[in-house]
Amino acid sequence: MLAGKVVVVCGYGDVGKGSAKSMKGYGSRVLVTEIDPICALQATMEGFKVQTVEDSLNEGNIFVTTTGNKDVITIEHMAKMKDKSIVCNIGHFDNEIQVEELENYPGVKRINIKPQVDQFVFPDGHSIILLSEGRLVNLGNATGHPSFVMSNSFTNQTLAQIELWKKDFEVGVYRLPKHLDEEVARLHLEHVGAKLTVLSDEQAEYLGVEKSGPYKPDHYRY
Amino acid sequence: MAELMVETLPYKIADINLADWGRKEIELAEFEMPGLMALRKKYGTEKPLKGAQITGSLHMTIQTAVLIETLKELGADVRWASCNIFSTQDHAAAAIAKAGIPVFAWKGENLEEYWWCTEQALTWPDGSGPDLIVDDGGDATMMVLRGNEGEKNPSLLDAVVKQIDEIELLKRLKITLKSNPNKWKKAAEKLRGVSEETTTGVHRLYQLMEKGKLLFPAINVNDSVTKSKFDNLY
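Chains A and B are the protein sequences, given in the same order.
Residue numbering for the first sequence follows the numbering used here, starting at 26 and increasing by one per position.
Residue numbering for the second sequence follows the numbering used here, starting at 481 and increasing by one per position.
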């Protein structure tokens, strides 16, 4: 049960923000770790205590990595965690948690509970539970994202494929233009019962945008 | 595994008998994916991806199946692998295989199999590579680029690396180098572009560009607002 447990969310980027909010919604007490002062301030002002992994080891019941960095949960951390702490990763790669170091830790015993759930018993008797061997937990232990949110991502993917196939780009990294981004959102509004307000000519002129968009400058952060 | 590489299989998945279950869930998912269905409606007759050979390296789930069939409906010739050894939904893969789309993915691959699957998805029956890649995390892109570098300088494939994923990639590339020493050079030349799904893959792309190692254009899908401010968050 998540309610009442202490969840340590490592990283407060887009994925960390979603994880922390979700865990809070389940009734967990959420701690956040961050290296970026901006994200740390955001977390604090959402009501999450920001501290280090080291300082969370005697409190945390569940540790989630969302950072995109490596060695976020180290073997030294896992050796000091509370008994039966759950450790998992929802960043893209499995190097956020030192899994190989855990497997090779002297005297550690691995007990497979079921597919993608492994208990590691340390020589001092405490154990941790590692999900999906440190790989993406939402896909390894569940079935990934719901269709509606993936429709947004994949509509972007499809538009990107059409762009690449139809146009000649120089070597480089590009983003889709904002009017396509807005179009993706527009395509999903009806399904969730939203009705857009339409700018009047005067309002559009006042803002200095076209009535049909794009509505924001590229530097706008949403 | 190694000897399998000389031929291209129609598909390799866990169990084709799961296809009907997969199809039912795909049909339910279509209702919840209005953006993709709107593109099918808009472009279904025009077929803007006609002639495009597309490799996907992206979690082979029910939702991805709807993406794959959208690309197909828009005219593309698609091959697919997962970008994670645990992320495939076997019933989704089965439905895609039964629809006649080459897919190489099952839940619980080992890393040797993982790179074999990625290479299969990148290899058409005539031995050529894709025109376009749908990437998630950059593994398919990396296989082409590292393969190409390894053909120019085979000692790079003997590099001492720590990450087990990378060790297995280099093993796979060495096997291919023996049987087909120009494969990745040709693949890199043919590629028109990559669209990248996730933060990590985008980070890799910018790093490659800074080092002058990127050989083809790429679109950063992750930083579309309607991607990272929704998918990443939820």
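If you are wondering where the hints come from, they were derived from the structure by calculation, not from laboratory data.
One thing to keep in mind: the hints can contain errors.
Covered stretches of chain B (in silico footprint by chain A; criterion: 3 or more residues with CB under 8 Å from a CB of chain A, positions within the stretch not fixed) [unchecked claim]:
id, segment
1, 513-522
2, 546-554
3, 660-668
4, 675-683
5, 687-701
Pairs of lysine to any residue residues, derived as SDA-like cross-links and limited to a Cα-Cα distance of at most 25 Å, are as follows [to be verified]:
id, chain 1, residue 1, chain 2, residue 2
6, A, Lys46, B, Tyr714
7, A, Lys191, B, Ala639
8, B, Lys522, A, Thr69
9, A, Lys95, B, Gly531
10, B, Lys587, A, Arg135
11, A, Lys46, B, Lys670
12, B, Lys521, A, Gly38
13, A, Lys95, B, Gln643
14, A, Lys191, B, Lys587
15, B, Lys527, A, Arg200
16, A, Lys203, B, Thr680
17, B, Lys670, A, Gly43
18, B, Lys709, A, Lys139
19, B, Lys709, A, Asp193
20, A, Lys192, B, Lys587
21, B, Lys666, A, Gly50
22, A, Lys134, B, Leu591
23, A, Lys191, B, Leu591
24, B, Lys709, A, Lys134
25, A, Lys241, B, Val705
26, A, Lys139, B, Ala494
27, A, Lys191, B, Glu553
28, A, Lys30, A, Asn86
29, B, Lys691, A, Ala210
30, A, Lys220, B, Pro697
31, B, Lys670, A, Asp193
32, A, Lys95, B, Ala639
33, B, Lys654, A, Phe118
34, A, Lys95, B, Ile496
35, B, Lys709, A, Ser53
36, A, Lys192, B, Glu512
37, B, Lys665, A, Gly43
Every residue, glycine too, gets a C-beta built ideally from N, C-alpha and C.
Each hint, compared with the structure:
Coverage of the segment 513-522 of chain B by chain A holds [criterion: at least 3 residues with CB-CB distance below 8 Å; count 6]. Counting residues of the segment 546-554 of chain B whose CB lies closer than 8 Å to any CB of chain A gives 5, which reaches the minimum of 3, so the coverage claim holds. Requiring three or more residues with a Cβ within less than 8 Å of a Cβ of chain A, the coverage given for the segment 660-668 of chain B is violated, as only 0 such residues are present. Coverage of a stretch by a chain is defined here by at least three residues with a beta carbon nearer than 8 Å to that chain's beta carbons; for the segment 675-683 of chain B and chain A the count is 8, and the condition holds.
Residues of the segment 687-701 of chain B lying with their CB closer than 8 Å to a CB of chain A number 9, which satisfies the three-residue condition for coverage. Taking the CA atoms of lysine 46 (chain A) and tyrosine 714 (chain B), the gap is near 9 Å; set against the 25 Å cutoff, the hint holds. At most 25 Å may separate the alpha-carbon atoms for a hinted pair to count; lysine 191 (chain A) and alanine 639 (chain B) exceed this at roughly 38 Å. Note on lysine 522 (chain B) and threonine 69 (chain A): the hinted pairing is violated, with a Cα-Cα distance of about 45 Å set against a maximum of 25 Å.
About 40 Å separates the Cα atoms of lysine 95 (chain A) and glycine 531 (chain B), which puts this hinted pair outside 25 Å; it is violated. The suggested pairing of lysine 587 (chain B) with arginine 135 (chain A) holds, with an alpha-carbon distance near 21 Å, which does not exceed 25 Å. Straight-line distance between C-alpha atoms of lysine 46 (chain A) and lysine 670 (chain B) comes to about 44 Å, which puts the hinted pair past the 25 Å bound. Pair hint lysine 521 (chain B) plus glycine 38 (chain A) does not hold up; C-alpha atoms about 35 Å apart against a cutoff of 25 Å.
A C-alpha spacing of about 11 Å is found between lysine 95 (chain A) and glutamine 643 (chain B), which places the hinted pair at or below 25 Å, so the restraint holds. Taken as a hint, the lysine 191 (chain A) and lysine 587 (chain B) pair is broken in the structure, with Cα atoms around 35 Å apart against an allowance of 25 Å. Between lysine 527 (chain B) and arginine 200 (chain A) the CA atoms are separated by roughly 23 Å; this keeps the pair inside 25 Å, and the hint holds. Between lysine 203 (chain A) and threonine 680 (chain B) the alpha-carbon distance is near 22 Å, which keeps this suggested pair within the 25 Å criterion.
Proximity of lysine 670 (chain B) to glycine 43 (chain A) is assessed by CA-CA distance (about 39 Å); at most 25 Å being required, the pair is judged violated. Our distance criterion of 25 Å between C-alpha atoms is broken by lysine 709 (chain B) and lysine 139 (chain A), whose separation comes to about 34 Å. As the CA atoms of lysine 709 (chain B) and aspartate 193 (chain A) are separated by approximately 28 Å, the hinted pair breaks the 25 Å bound. Taking the CA atoms of lysine 192 (chain A) and lysine 587 (chain B), the gap is near 36 Å; set against the 25 Å cutoff, the hint is violated.
Proposed proximity of lysine 666 (chain B) and glycine 50 (chain A) is contradicted: the alpha carbons are some 51 Å apart, above 25 Å. A hinted pair counts as satisfied when its Cα atoms are at most 25 Å apart, and lysine 134 (chain A) with leucine 591 (chain B) qualifies at roughly 23 Å. Straight-line distance between C-alpha atoms of lysine 191 (chain A) and leucine 591 (chain B) comes to about 35 Å, which puts the hinted pair past the 25 Å bound. The hinted pair formed by lysine 709 (chain B) and lysine 134 (chain A) fails the criterion: a straight-line CA distance of about 40 Å is larger than 25 Å.
A C-alpha spacing of about 11 Å is found between lysine 241 (chain A) and valine 705 (chain B), which places the hinted pair at or below 25 Å, so the restraint holds. About 18 Å separates the Cα atoms of lysine 139 (chain A) and alanine 494 (chain B), which keeps this hinted pair within 25 Å; it holds. At most 25 Å may separate the alpha-carbon atoms for a hinted pair to count; lysine 191 (chain A) and glutamate 553 (chain B) meet this at roughly 16 Å. The hinted pair formed by lysine 30 (chain A) and asparagine 86 (chain A) meets the criterion: a straight-line CA distance of about 6 Å does not exceed 25 Å.
With a C-alpha separation of about 35 Å, the suggested pairing of lysine 691 (chain B) with alanine 210 (chain A) is violated against the 25 Å cut-off. Proximity of lysine 220 (chain A) to proline 697 (chain B) is assessed by CA-CA distance (about 37 Å); at most 25 Å being required, the pair is judged violated. Note on lysine 670 (chain B) and aspartate 193 (chain A): the hinted pairing holds, with a Cα-Cα distance of about 13 Å set against a maximum of 25 Å. With a C-alpha separation of about 20 Å, the suggested pair lysine 95 (chain A) and alanine 639 (chain B) falls inside the 25 Å cut-off, and the hint holds.
Between lysine 654 (chain B) and phenylalanine 118 (chain A), the direct Cα distance comes to roughly 23 Å. Compliance with the 25 Å bound is thereby established for this hinted pair. Taken as a hint, the lysine 95 (chain A) and isoleucine 496 (chain B) pair is broken in the structure, with Cα atoms around 37 Å apart against an allowance of 25 Å. A C-alpha spacing of about 23 Å is found between lysine 709 (chain B) and serine 53 (chain A), which places the hinted pair at or below 25 Å, so the restraint holds. Restraint check for lysine 192 (chain A) and glutamate 512 (chain B): the C-alpha separation of about 30 Å exceeds 25 Å, so the hint is violated.
The straight-line distance between the Cα atoms of lysine 665 (chain B) and glycine 43 (chain A) is roughly 41 Å, outside the 25 Å bound, and the hint therefore fails.
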